[in-house]
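Residue numbers (full-length UniProt numbering), protein chains in the order written: chain A, 1 to 344; chain B, 1 to 344.
To be clear, the hints were calculated from the coordinates, so they are not data collected in a lab.
Keep in mind it's a predicted model, so treat the numbers as computed, not measured.
One thing to keep in mind: the hints can contain errors.
Beyond 10 Å from chain B on every Cβ pair, some chain A residues (computed) [said to hold, decoys possible]:
1) V27
2) T58
3) A209
4) G225
5) A228
6) L270
7) F279
8) L326
A short, non-exhaustive set of chain B residues, derived as facing chain A with CB atoms under 7 Å [as the list claims (entries may be wrong)]:
9) V29
10) V71
11) V73
12) L246
13) P256
14) G258
15) D260
16) M266
17) L270
18) V276
19) G278
20) F279
21) Q306
22) V308
Derived CB-CB ranges, DEER-like [unchecked claim]:
23) A229/A to A63/B: 22 to 28 Å
24) P116/B to A229/A: 40 to 46 Å
25) D22/A to Q323/B: 57 to 63 Å
26) D302/A to G192/B: 30 to 36 Å
27) D302/B to E67/A: 54 to 60 Å
28) Q323/B to A229/A: 53 to 59 Å
29) S201/A to S203/B: 49 to 55 Å
30) P147/A to A117/B: 35 to 41 Å
31) F238/B to H21/A: 35 to 41 Å
32) T257/A to P116/B: 44 to 50 Å
33) Q146/B to D206/A: 53 to 59 Å
Cβ coordinates follow ideal geometry from the N, Cα and C atoms, glycine included.
2 protein chains.
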Amino acid sequence: MTTTESQQIRLSSYPEGMPTHDDFETVAVELPDPGEGEVLLRTIYLSLDPYMRGRMSTAKSYAAPLELGDVVVGQTVCEVVASASDRRSVGDIVLAYTGWQTHAVVDARHTRRLDPADAPISTALGVLGMPGFTAYAGLLEIGRPQPGETVVVAAAAGPVGSAVGQIARIKGARAVGIAGGPEKCELLRRFGFDAAIDHRSPSFADDLAAATPDGVDVYFENVGGPVAAAVVKRLNKFARIPVCGLVADYNATAAPTGIDRLPGFMRRVLSSSLTVRGFIQDEFRPTHEAAFHEEMPRWVRDGAVQYVEDVVDGLENAIDAFQGLLTGKNLGKLLVRVGEVPTT
Amino acid sequence: MTTTESQQIRLSSYPEGMPTHDDFETVAVELPDPGEGEVLLRTIYLSLDPYMRGRMSTAKSYAAPLELGDVVVGQTVCEVVASASDRRSVGDIVLAYTGWQTHAVVDARHTRRLDPADAPISTALGVLGMPGFTAYAGLLEIGRPQPGETVVVAAAAGPVGSAVGQIARIKGARAVGIAGGPEKCELLRRFGFDAAIDHRSPSFADDLAAATPDGVDVYFENVGGPVAAAVVKRLNKFARIPVCGLVADYNATAAPTGIDRLPGFMRRVLSSSLTVRGFIQDEFRPTHEAAFHEEMPRWVRDGAVQYVEDVVDGLENAIDAFQGLLTGKNLGKLLVRVGEVPTT
Numbered sequence: 001m002t003t004t005e006s007q008q009i010r011l012s013s014y015p016e017g018m019p020t021h022d023d024f025e026t027v028a029v030e031l032p033d034p035g036e037g038e039v040l041l042r043t044i045y046l047s048l049d050p051y052m053r054g055r056m057s058t059a060k061s062y063a064a065p066l067e068l069g070d071v072v073v074g075q076t077v078c079e080v081v082a083s084a085s086d087r088r089s090v091g092d093i094v095l096a097y098t099g100w101q102t103h104a105v106v107d108a109r110h111t112r113r114l115d116p117a118d119a120p121i122s123t124a125l126g127v128l129g130m131p132g133f134t135a136y137a138g139l140l141e142i143g144r145p146q147p148g149e150t151v152v153v154a155a156a157a158g159p160v161g162s163a164v165g166q167i168a169r170i171k172g173a174r175a176v177g178i179a180g181g182p183e184k185c186e187l188l189r190r191f192g193f194d195a196a197i198d199h200r201s202p203s204f205a206d207d208l209a210a211a212t213p214d215g216v217d218v219y220f221e222n223v224g225g226p227v228a229a230a231v232v233k234r235l236n237k238f239a240r241i242p243v244c245g246l247v248a249d250y251n252a253t254a255a256p257t258g259i260d261r262l263p264g265f266m267r268r269v270l271s272s273s274l275t276v277r278g279f280i281q282d283e284f285r286p287t288h289e290a291a292f293h294e295e296m297p298r299w300v301r302d303g304a305v306q307y308v309e310d311v312v313d314g315l316e317n318a319i320d321a322f323q324g325l326l327t328g329k330n331l332g333k334l335l336v337r338v339g340e341v342p343t344t
Numbered sequence: 001m002t003t004t005e006s007q008q009i010r011l012s013s014y015p016e017g018m019p020t021h022d023d024f025e026t027v028a029v030e031l032p033d034p035g036e037g038e039v040l041l042r043t044i045y046l047s048l049d050p051y052m053r054g055r056m057s058t059a060k061s062y063a064a065p066l067e068l069g070d071v072v073v074g075q076t077v078c079e080v081v082a083s084a085s086d087r088r089s090v091g092d093i094v095l096a097y098t099g100w101q102t103h104a105v106v107d108a109r110h111t112r113r114l115d116p117a118d119a120p121i122s123t124a125l126g127v128l129g130m131p132g133f134t135a136y137a138g139l140l141e142i143g144r145p146q147p148g149e150t151v152v153v154a155a156a157a158g159p160v161g162s163a164v165g166q167i168a169r170i171k172g173a174r175a176v177g178i179a180g181g182p183e184k185c186e187l188l189r190r191f192g193f194d195a196a197i198d199h200r201s202p203s204f205a206d207d208l209a210a211a212t213p214d215g216v217d218v219y220f221e222n223v224g225g226p227v228a229a230a231v232v233k234r235l236n237k238f239a240r241i242p243v244c245g246l247v248a249d250y251n252a253t254a255a256p257t258g259i260d261r262l263p264g265f266m267r268r269v270l271s272s273s274l275t276v277r278g279f280i281q282d283e284f285r286p287t288h289e290a291a292f293h294e295e296m297p298r299w300v301r302d303g304a305v306q307y308v309e310d311v312v313d314g315l316e317n318a319i320d321a322f323q324g325l326l327t328g329k330n331l332g333k334l335l336v337r338v339g340e341v342p343t344t
C-alpha cells in the first residue's frame, strides 16, 4: 500500500502568556495503514476553541495538559480515505478528535458519521456541535432564563455567545450581547439581540446600564476580566451565572495584584443570593444531548438561531488564527480549512 | 393603667470595623398601652447573630440597614404581659422580633406562640429556630450531601455550623468541623463530628488535608477569610458551596490589597464545575419549613442533633457579648437573658 504523510503541529513548549510560533513545531510523519477496526482520515476542517489554551498549560484544569511533543488537540471534520472497519466506508464524512494535523489513523468507534444532506458539515464543529451544545445546556440547565428576564452574554459574537443570546430570545428573555467592536455588535443586532454593547467603548459601563434597565438575571460567563466585573454590578437578586470560560484570563502568567476582589464578590454572592456554577459541556450530554439534536437543527433551519463562520485556509495558519481567537479577532466560529471540502 | 418602661439599646453611629460601646446608646422610653390587636411583651431571651453586623452598615446587603436611632434588631422570646388581641393571652410565651430592649408593644400577628412543653423556649432562637433552619435548608437544598461524601463546615461550634455537621451525618456524609480552639473542637467531637480541626493551629492546612482524604464535596460557608481559602483547595469536582455568611469579613473596612484572588477562584469554579450559591434562609421557608418543623424536633429529641447555648445575663451586656460573637468567643448559640425565665 501507499504510505500517507501527515503534517502535524505539535506543542514544543508551554507558552508563557500568549502562545507564539516558538511554542510549536511542525513535523511530517508517515502514518501506518489502518489496523483492524481503524480508519485513515483526511482532515477537512479543524475547530479552534479557547479551551485549547488550557491544554497548553500545566496549571490545574478540567483536563490533563498536553505533553510536550503531543499533536495539539482539536475537534475535526474529516473524510475517510481508507477503512479497515465495517463501521465506516471510504468517502464517509465524520466528526473526529484528531487535532492539528492533516491526516490521522484512529479507531472508527471514535468517529461519528455526519450526513452532509442534513446541514453543512462545518456546523458539526459550531452551532450544531460542541459550542452550540455548550450554549444550549449551560443556558437552559444553569441559567434557566424565564420570560421577561434579562440574559447578558459576553464574547457574544463567538459561536457559544451568539447561540446563548438567540436561545435566550427563543425562551422569551431579553438578550444583551457584549462584544468587541462595531462589526461584532452589528452582527449581534442582525442575529436579533435586543441590545449589543461594545466593551471597547469608553461609555461601556453606562451603555450596559442603559441596556439592562431591569438589571441582569442571567450572566453567561465566558470572558472574565473587566467585562465580568461590570456585569456583576448589574446582577439582580437570585441571578444565575453559568461559568463556561474565562478567555480574558487564559494568558495570565501570574495572579494580578492590587485589590483583592474575592471578598467583595463573595459578599455579593451572599447579599444577592447568586448562583455561580462552573461547567464543562460533557456533564450535560446524558441529560440534554438528545433534546439538543432535536431542537437546535430545527432552530437553525427556521432561522431562529443564526451563525457565522470565520474560515482560515491552511493548517500552516492555525497558530496565527489561534492567537487571533485569544484576542477576539475572529468573527463567528473559527475554523481552519485543512483540506479540500468535498462537493456533495 | 400603669405605664411600662422599656430599656432600649439603639444604634447611634455606624461602626467602623468592630462595633464599640460608642456606637450605641441606651435609653429608657415609656411604652403606650397596647392598642387594638396589639400585645405588650416582656423580653426573656434576645438572640445575638452575626447578620446583625450587616444591619449596622450602609453597605449593600440583603436587608435595609438600621437607621441611626433605631433599636437594634433581633429575634426574641417574650412573655405576653398585656394583651388587646384575642390571639394572645397574658402569660403566653411567644417568638417575636423586638430587638435589643426589655419590653415592646407589637401587633400580635407578628408573634408566634411557643409551647414550653414541646422544648425549652430558648431553642426557638437556636436549634429549632432560625439558625437551625438555616443549617437545614442550606445544607439539604444547596449542599445536597450524599452518603459517603465529605461535608466541611466552619464556625462549626456555632448554632448553624453544629447543626450542619450533625444533619450531614444523619444523611450519611462524613462531617468535618472547623472551629477556633481546643474547647470548641472537643464540643464537635462530642456532637459526633468525624473530625474537628482547630483553625488557630499552625498545622491547620495539614490537619484539614488529613481530615479530608477524599477531598471535600460540600463546603458550608459561613466564615470566609483564610479558613475558606484553605477549604477551597480541597474541593472535589462538582463540589457545592452554600454561602450562608462571611463573618470573618463583616468588620472589614476596606477591600484588602495584595493578590487579587478572584480570577483564580473563578478558574477553580470553572475547572472543578463548582456550585457557589448564596442564600438567606427566608427563601426556603415556603419549601422547607414544614419538613424542618417535623424533622428537627425529632432529631433533637433522639439526640441525633445536639446543641449548646451560651447565655449572657442582662441586656446591658449585649454589646460586649456581640463583640465576642464577632471574634468567636461564644461556645454555642449566644443568647442574652434579658428577663426572668418563667418556671413551667
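Status of each hint after checking the structure:
1. V27: With a cut-off of 10 Å, V27/A remains clear of chain B, as the shortest Cβ separation is near 31 Å.
2. T58: holds (13 Å)
3. A209: holds (16 Å)
4. G225: Violated: least Cβ distance 8 Å, not greater than 10 Å.
5. A228: Its Cβ does come within 10 Å of chain B, the nearest being 8 Å, so this is violated.
6. L270: violated (4 Å)
7. F279: violated (5 Å)
8. L326: Non-interface label stands for L326/A: nearest chain B Cβ at 16 Å, farther than 10 Å.
9. V29: With a closest approach of 32 Å, the V29/B hint is violated.
10. V71: violated (23 Å)
11. V73: violated (17 Å)
12. L246: Result: holds, 6 Å to nearest chain A Cβ.
13. P256: holds (5 Å)
14. G258: Holds. Min distance 6 Å.
15. D260: Holds, about 5 Å.
16. M266: Hint holds; M266/B Cβ to chain A Cβ min 6 Å, cut 7 Å.
17. L270: L270/B check passes; min Cβ-Cβ to chain A is 4 Å, inside 7 Å.
18. V276: holds (4 Å)
19. G278: At about 4 Å, which falls below the 7 Å cut-off, the nearest Cβ of chain A leaves the hint on G278/B intact, so it holds.
20. F279: Holds: closest Cβ of chain A sits about 5 Å from F279/B, inside 7 Å.
21. Q306: With Cβ-Cβ at 28 Å, over 7 Å, it is violated.
22. V308: Since the shortest Cβ distance to chain A is 26 Å, the answer is violated.
23. A229/A to A63/B: 22 to 28 Å: Taking Cβ atoms as reference, A229/A and A63/B lie about 25 Å apart, which means the hint holds.
24. P116/B to A229/A: 40 to 46 Å: Once the Cβ atoms are compared, 52 Å apart, the range 40 to 46 Å for A229/A and P116/B is violated.
25. D22/A to Q323/B: 57 to 63 Å: holds (59 Å)
26. D302/A to G192/B: 30 to 36 Å: For G192/B against D302/A, whose Cβ atoms are near 58 Å apart, the range 30 to 36 Å is violated.
27. D302/B to E67/A: 54 to 60 Å: holds (55 Å)
28. Q323/B to A229/A: 53 to 59 Å: violated (34 Å)
29. S201/A to S203/B: 49 to 55 Å: holds (52 Å)
30. P147/A to A117/B: 35 to 41 Å: violated (49 Å)
31. F238/B to H21/A: 35 to 41 Å: holds (38 Å)
32. T257/A to P116/B: 44 to 50 Å: The hinted range 44 to 50 Å is violated for T257/A and P116/B, with Cβ atoms some 58 Å apart.
33. Q146/B to D206/A: 53 to 59 Å: violated (46 Å)
Violated hints, in rising order: 4, 5, 6, 7, 9, 10, 11, 21, 22, 24, 26, 28, 30, 32 and 33; the structure is consistent with all others.
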